[in-house]
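**Q** Below are the chains, spelled out letter by letter.
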Amino acid sequence: MSIEDSDIKKIAHLARIGIADGDIPGYAKELSNIMDLVEQMNAVDTESIEPMAHPLHAVQRLRDDVVSEPDLREAAQALAPETEAGLYLVPKVIE
Amino acid sequence: MHNKSLAELAKGLQAREFSSEELTSSLLDRLEEKNAELNAFVTITRDNALEQARAADQKIAAGEAGLLTGVPIAQKDIFCTKGVKTTCGSKILDNFISPYDAHTVENCNDAGLVMLGKTNMDEFAMGSSNETSYYGAVKNPWNLDCVPGGSSGGSAAAVAARLVPAATGTDTGGSIRQPASLCGITGIKPTYGRVSRYGMIAFASSLDQGGVFTQNAGDAALMMGVMAGFDPRDSTSLDRPVPDYTATLNESVSGLKIGVPKEYFSEGLEAGTAEIIQAAIKEYEKLGAKIIEISLPNSALAIPTYYVIAPAECSSNLSRFDGVRYGYRSDNVTDLESLYVNSRSEGFGAEVKRRIMIGTYVLSAGYYDAYYIKAQKMRRLISDDFEQAFKQVDVIMGPTAPSPAFKIGEKTDDPVSMYLSDLYTGAVNLAGLPGMSIPAGFDHGLPVGLQLIGNYFDEALLLNVAHQFQLATDFHKQAPSGYA
Amino acid sequence: MEWEVVIGLETHAQLSTRSKIFSGAATAYGAAPNSQACLVDLGFPGQLPVLNKEAVRMAVKFGLAIDAEIGMRSVFARKNYFYPDLPKGYQISQFELPIVGKGEINVVQEDGTTKTVGITRAHLEEDAGKSMHEGFAEHSGIDLNRAGTPLIEIVTEPDIRSAKEAVAYAKKLHALLLYLEICDGNMQEGSFRCDANVSMRPKGQKEYGTRAEIKNLNSFRFMEKAINYEIERQVDVLESGEKVVQETRLYDSDKDETRSMRSKEEANDYRYFPDPDLLPVELEQSFIEGVRKTLPELPDVKRARFVSDYILSDYDATILTDSRPLADYYEAVVIVCKESKLAANWVMGDFSAFLNKDNKDLAESPVSAEMLGGMLNRITDNTISGKIAKTVFEAMWAGEGDVDTIVEAKGLKQVTDTGAIEAIVDEVMANNTGQVEAYKSGKEQLFGFFVGQVMKASKGKANPAMVNELLKTKLNS
Chain A
132 MSIEDSDIKK IAHLARIGIA DGDIPGYAKE LSNIMDLVEQ MNAVDTESIE PMAHPLHAVQ
192 RLRDDVVSEP DLREAAQALA PETEAGLYLV PKVIE
Chain B
5 MHNKSLAELA KGLQAREFSS EELTSSLLDR LEEKNAELNA FVTITRDNAL EQARAADQKI
65 AAGEAGLLTG VPIAQKDIFC TKGVKTTCGS KILDNFISPY DAHTVENCND AGLVMLGKTN
125 MDEFAMGSSN ETSYYGAVKN PWNLDCVPGG SSGGSAAAVA ARLVPAATGT DTGGSIRQPA
185 SLCGITGIKP TYGRVSRYGM IAFASSLDQG GVFTQNAGDA ALMMGVMAGF DPRDSTSLDR
245 PVPDYTATLN ESVSGLKIGV PKEYFSEGLE AGTAEIIQAA IKEYEKLGAK IIEISLPNSA
305 LAIPTYYVIA PAECSSNLSR FDGVRYGYRS DNVTDLESLY VNSRSEGFGA EVKRRIMIGT
365 YVLSAGYYDA YYIKAQKMRR LISDDFEQAF KQVDVIMGPT APSPAFKIGE KTDDPVSMYL
425 SDLYTGAVNL AGLPGMSIPA GFDHGLPVGL QLIGNYFDEA LLLNVAHQFQ LATDFHKQAP
485 SGYA
Chain C
46 MEWEVVIGLE THAQLSTRSK IFSGAATAYG AAPNSQACLV DLGFPGQLPV LNKEAVRMAV
106 KFGLAIDAEI GMRSVFARKN YFYPDLPKGY QISQFELPIV GKGEINVVQE DGTTKTVGIT
166 RAHLEEDAGK SMHEGFAEHS GIDLNRAGTP LIEIVTEPDI RSAKEAVAYA KKLHALLLYL
226 EICDGNMQEG SFRCDANVSM RPKGQKEYGT RAEIKNLNSF RFMEKAINYE IERQVDVLES
286 GEKVVQETRL YDSDKDETRS MRSKEEANDY RYFPDPDLLP VELEQSFIEG VRKTLPELPD
346 VKRARFVSDY ILSDYDATIL TDSRPLADYY EAVVIVCKES KLAANWVMGD FSAFLNKDNK
406 DLAESPVSAE MLGGMLNRIT DNTISGKIAK TVFEAMWAGE GDVDTIVEAK GLKQVTDTGA
466 IEAIVDEVMA NNTGQVEAYK SGKEQLFGFF VGQVMKASKG KANPAMVNEL LKTKLNS
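Protein chains in written order, with our numbering: chain A, 132 to 226; chain B, 5 to 488; chain C, 46 to 522.
None of these hints come from the bench; they were simulated from the model.
Certain hints may be false.
If the Cβ cut is set under 7 Å, some of the chain A residues that face chain B in the computed set are [unchecked claim]:
id: 1; residue: 146
id: 2; residue: 147
id: 3; residue: 177
id: 4; residue: 186
id: 5; residue: 187
id: 6; residue: 206
id: 7; residue: 219
id: 8; residue: 224
When the alpha-carbon atoms are kept at most 25 Å apart in a straight line, the in silico PhoX-like pairs for lysine-lysine are as follows [what the hints assert, rightly or not]:
id: 9; chain 1: C; residue 1: 517; chain 2: A; residue 2: 223
id: 10; chain 1: C; residue 1: 501; chain 2: C; residue 2: 519
id: 11; chain 1: C; residue 1: 519; chain 2: A; residue 2: 140
Note that this is a predicted model, so its numbers are computed, not measured.
Cβ atoms here follow ideal geometry from the backbone N, Cα and C, with glycine treated the same way.
With these hints in hand, go ahead and build the complete structure from the sequences.
**A** Here you go:
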């Protein structure tokens, strides 16, 4: 499996990870090696196998519709990089 | 005092041989000194600890103490601790003071345990050597040039060096068992869902499970009694009663059917480790157990499967670290895109970024079926292998790790060889089964762990089987020189 | 060339639960920014989702109401993308296995014909927060109160063929959600939001054209205008020989146009996968039957019943069953006054007009169904005329009491005493001898003039039928 430089750029963008142009080929090689390991899976025929998303054979528990959480804005926003008037600030979003 | 086990310290406190404050203070002094060379702790919470210790002493005095009230422990820095820095080994959370306690932390507090600090770990639990931590590598107390294993390397080193009698950990692909093996201590990862994931910072949600490191199986049984239990805040938490894990420790293993997977003794396993594991299994035979060779045909594919599922889940789980609501925000922000990209690129270390990239790749359009769905199908096959095996045997045994501790820096340039450290442990997480590692001997002075794998919810049996071995051997009693 | 438009609608309706879909934070609208965003909603490390039972119940209720397949096993998936109003970097939604499968909704159109719109699916998901762009120079402010509010996303087949049909469907869906009491339907507050997928094709062609998705259709009026604008735009593009670009477009109601949303233009790859923090939702048949028992009489059934029970036209029945409160009000009026047609006229007429005029909700009406029914009874028993009734209704609306109190206080009782009316008629004829002469010499259109004069002299209280009769007799004698 060979991951191309263009794949790295695409994935990096989706993941919002910055990779310097000079590092892209190295990254591509490293990820290709890992994907080679991953592709050992292809030795097994899994045609008729049901995918397993979860180790438990359990089903989702349902919560009663009760308001249990108090206003914790002050405590939560004490941890925020930038807030104003109770809002989290980010650079202007252009729609 | 530091050499005493959890149970011995609990007994001493109840007998008023020493107070929790005395104990805590003495352990803190030693910890602060030894941590300078081991780097096992990210945060030492002296003031909190002494406060908790004094409260524990009052409870003991008032006759309101529980079994473990006043005993000091450490928490892996993946568990959120209210009012205390919780970093997950990452720069991106270097400034994060959690506003709440994880379920495990609540349980430990309720039991009166005293937290001495938060232990170092691979960044976001991604690593098998504790070298990916933003706070630097942890040293293995058996040989300071070696890694303690990972990701819960700080907890393992802390217990091995007798800094604390117990420390919590989490295990996604071996992160409790492998460092327990490399540090010569006892580690247990219970059945998926047995310990709540609430407040345990997620790496791969369908694989992560909390557990504990101790000197011996009896102590692990005590700690499991504290940590296990239903939590309605975690949808994957199991609503089943928690047995008294200590009640069955002394049952005989005579007649126990032990399965030994032949695949675990093929290439990849170091000869020295193989010998020690074979000898340990022989020891069980002496104790009356029946050894049965079994096959887990897909076990070699556990690592490829794991390295699709874990990165896929982590790539999504770590999207929340975006520099908006908490954690690190880059100074170099001009627009929304640079806020995200720079905060994440500067905040995450190389291994975390690598796994986010792999995970993003295997979930992306055109690759999802080939990798992610394929891995989920492999996961079923691997799980089915265990199901078949447990029709024949009660417990499965084999090596925990392919080798003893390796040198710091030895595998950092080769991710694939690092990933193979989880060769024997990853499958257990894929299936969601409980597993343990217990000290089984030494290879050139470095400890080697025996892995025990149980059927679902068989923690009590695993602890019993481990305890019987420890009654017959004394590997678990040995401490690294300089830390005895 | 003759073009045909193909439209599919995606509607996001907020479910009226008290708490959020995956957390215990409140969902109330209008709270101080971020005061209703708990650690789960904020995507704090270590926080986990637990599904709200009421959200599931409401989604199932909707599915049963449109006779859809109910997903006995549904799975939550993560839709991954970065946006400041999406705290976790993914939205928990349903992808492969939604809770509601195929169904349909019948829509009665203006011309009286019924159109069946296929429902592809409806699934549960969490709402995002809100970005505020006003008031900051270089920043946007993020309020995450809305993050985690339960949504049901209802997706139609591309069955709709005009802007009017789209609006008729949306109105029908809106009414249905209100009937089911699972959504408050407040479009200004964003409780009910529609996106339209619009494409054009030459009439008669089977294949669909390239579609554009129009967002931000936050009123029925804007929906119609936006779709019509988009139809014209796409026809212009196609007729000039160019191609429609598949893209997301935003409707700008100030300029009455749609424009491309560049921020959404980049190729999205949402990397959906099952959320490992949540387990599959498996519904028991007993749960579904329990929900079925809570289903109210649905609009179509109610309309048919109104036509047969109250002998109403299809048109009247449609209007009266448009909303459940109005239908309930009407039925409460009919309990008091059995004249169902008269009741229908008043409920659809003056009553609705007064509500509109004062911009009031039905629940805030100062005139109860009992009061209105009581007044109608006074019309049918000839205590007041229909005309006087308007005065009475206005007084009731102003809070002056019930019909009898007002009639008494204002002396509005209709005069039905033949002698008294005869005296007024005589007086009017005596005062207008010229007109009487003219009438008698054949100017019969003056009859109305005499009626008017008599009614005026009686201050409107004379029984109009008796006035007519007496005038006729006397003028023709």
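**Q** May I ask which of the numbered hints given earlier this structure violates, with the numbers listed in increasing order?
**A** Numbers 9, 11 - these are the hints that the structure violates, sorted from lowest upward.
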